[in-house]
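Student: Single-letter residue listing:
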Amino acid sequence: MRSLTQRQIQRVKWIVFLLSLLPGGRLIWAIYRDSLGANPIEFITRNTGEWTLYFLCATLALTPVRKWLGWHWLVRLRRMLGLYSFFYASVHFLTFLWFDHFFELTEMWQDVLKRPFIAVGFIAFSLLIPLALTSNQWMIRQLGGKQWQRLHQLVYVIVPLGVLHFFWMRAGKNLWIQPTLFAFGVAGLLVIRLFWSLRDRQKRESHN
Amino acid sequence: KLSGTINPLYASTEKKTGYRDASTYNNFYEFGTDKSDPAETANTLKTRPWVVTVEGEVKKPLTFDLDNLIKLAPLEERIYRLRCVEGWSMVIPWMGYSLSNLLKKVEPTSNARYVEFISLADKRQMPGINSRVLQWPYTEGLRMDEAMHPLTLLALGMYGDVLPNQNGAPVRLVVPWKYGFKSAKSIVKIRLTKDQPRTSWNLSAPEEYGFFSNVNPEVDHPRWSQATERRIGEDGFLTRKRKTLMFNGYSEVASLYAGMDLRKYY
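In order, the protein sequence lines correspond to chains A and B. Residue numbering for the first sequence is 877 to 1084, as defined by the working numbering. Residue numbering for the second sequence is 23 to 288, as defined by the working numbering.
What the hints contain is simulated information worked out from the structure, not anything from laboratory work. Glycine included, every Cβ here is placed at the ideal spot set by N, Cα and C. Be careful, since some hints might not be right.
Claimed, not checked - One side of the interface only, derived from the structure: several residues of chain B facing chain A at Cβ under 7 angstroms:
#1 43
#2 47
#3 55
#4 110
#5 152
#6 227
#7 230
#8 258
#9 260
Starting from the given sequences, assemble the full structure and let the hints guide the process.
Tutor: This is the structure we're talking about:
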């Protein structure tokens, strides 16, 4: 598994692509079967919100796992996982815009401004948009590697905001377990990176 | 089966929520925090024998078993709107009678200014009691005039039958102009008090859940608006959410709060 052929990587990509569609497929199937319970809209909103966080965490976990196992081909899955995060976040946002506010933009905007937990989620989603738009080869060339990388470091802000959004949503009902797990997971993934960058800086300094 | 006469005062013209939705979408943390949990786990609740103790600032403290309660006053069917603080609502045909019938029997003293309702908290019957999401036993409260208001219902059934366990069997409160959590379920003790009782949700998050918790479209919950609500089974995919009415549309209770700042006393 350390190194795969082009064909094998293609195959893995297809498998991951189809697996990542399953949560969405399950929702569509459940809507068709009318088995989402008494409040299907609430279910869809919460479910897509959670899947957004799962995909964001998976995207963030990719690099540490790649370095740890030495499976460098894993980087080829990063864009897809990132785009799936954006996909589920978009469905999550759309249910809010459509079913909560029926596309009344001014009303929605007031909701965003008035309520911090919604504002935080909205900011996180807005910041994801430029990342999704610049995820193709053409945009990478346009921006240049350095710039592109800088821009995509926004994910280190987006994911904590997403977790905060979730935390806040659950806070009033004292349901801490799930958001706490997310918080620890994300904190771990960010701390590793902090550690790496400190180590790299030390190396560079000792070379000079 | 429970039989009662339809009270024409509360025979709503609104479409009733389906029994399945009303009995599978419940907030009853004693049986888990997911709204689908109670319907799955509440079968462990034993509703007979059941005793409700009424005590405190009363001349005649009494205990009632379930048969006493059923016979205490003629059962009525009343169709009430139920508005949850989370922003959804239902229309439910309850069976019961005004709580005032019971309170009069114990002869409240002049010191009785509040009524405290205490729910069962039994680890062996209620798996959710092991979690620390709320302070157990679940405690709720009303001011005396609210408790004596004819709308305040002591419910023993719904949809023409006894209460399903997940809806607060065998006896619960229904206060239709307040958010749903004010209506304590599976009540074992009613205490009349001089001082305002502490309530479970208020202890847990005082800035989110006040003692009064009247349905009020103008006072937002800190994390969402209360201006609209989704009627379960009706609103959502194709129709927008409906406007929430002051006191959930039960304007006859407005006089109870004359002169009170409902923003302060939320």
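Student: Please flag the earlier hints that this structure goes against, numbers listed from lowest up.
Tutor: Hints 5, 9 contradicted; others consistent.
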